[in-house]
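Q: The listed protein sequences correspond, in order, to chains A and B.
First residue of the first sequence: 516, per our numbering; consecutive thereafter.
First residue of the second sequence: 2, per our numbering; consecutive thereafter.
This list has only true hints and no planted wrong ones.
Residues from chain B that face chain A, not an exhaustive set, calculated with beta carbons under 7 angstroms:
id, residue
1, Ser44
2, Pro45
3, Ala47
4, Val50
5, Asn97
6, Gln98
7, Phe99
8, Phe101
9, Thr103
Don't read these hints as lab results, they were simulated from the structure.
Predicted model only: the values in this text are computed from it and were never measured.
Here a beta-carbon is modelled for each residue, glycine too, at the ideal position from N, C-alpha and C.
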Amino acid sequence: DSGVTQTPKHLITATGQRVTLRCSPRSGDLSVYWYQQSLDQGLQFLIHYYNGEERAKGNILERFSAQQFPDLHSELNLSSLELGDSALYFCASSVAGTSGGPWTYNEQFFGPGTRLTVL
Amino acid sequence: ILNVEQSPQSLHVQEGDSTNFTCSFPSSNFYALHWYRWETAKSPEALFVMTLNGDEKKKGRISATLNTKEGYSYLYIKGSQPEDSATYLCAVNTGNQFYFGTGTSLTVIP
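Here chain A stands alone, though its shape is the one from the complex (with noise of 0.2 angstroms):
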């Protein structure tokens, strides 16, 4: 268990419909990081949010959006979605210094996941 939750653990949707996937990241860590891993593709970026900021962005898609809370707590927004968006959804979170600095040098933690369906 690495300490970082998410939920729901499996979503099922309809194309166009919106939803919210939620993580917690591990006591102390201030840094989430938001990935998904779709069946033809590999493990992607998607965004990174330092204690309530963004500090860098990856593949995400306009219709994706992220804020990080005052608790730490992350949501990872999707909306008008589409087959293609079905894919496992995972967050990761590490102990962070500031953007472009030591928060890249340390290890990350990940959650279980959440794996959306869209039919």
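Using the hints, position chain B against chain A.
A: Below, chain B without anything else, positioned relative to chain A:
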């Protein structure tokens, strides 16, 4: 987009054999390299984070080396055990992006 390549794609070894696999990446825009172990139906588990050219890290029977000048990292497993069966992923951190390889799937046959 940074192309991170891992080889071989899959590997079957006998219990007790030592093995190694490679992660290759463009040497420009390099900030750190992460190795993960990913068992089926679980989430990736961090093994090492490496930053400096010539870095060597070790955790039990698993070790890794890093050559940032030529753009590669090796992961070694000494005396493979069935519980080492997993996919081993590397990821290159450019300072604001993470790029993952597709992994090496290791099966250790008892």
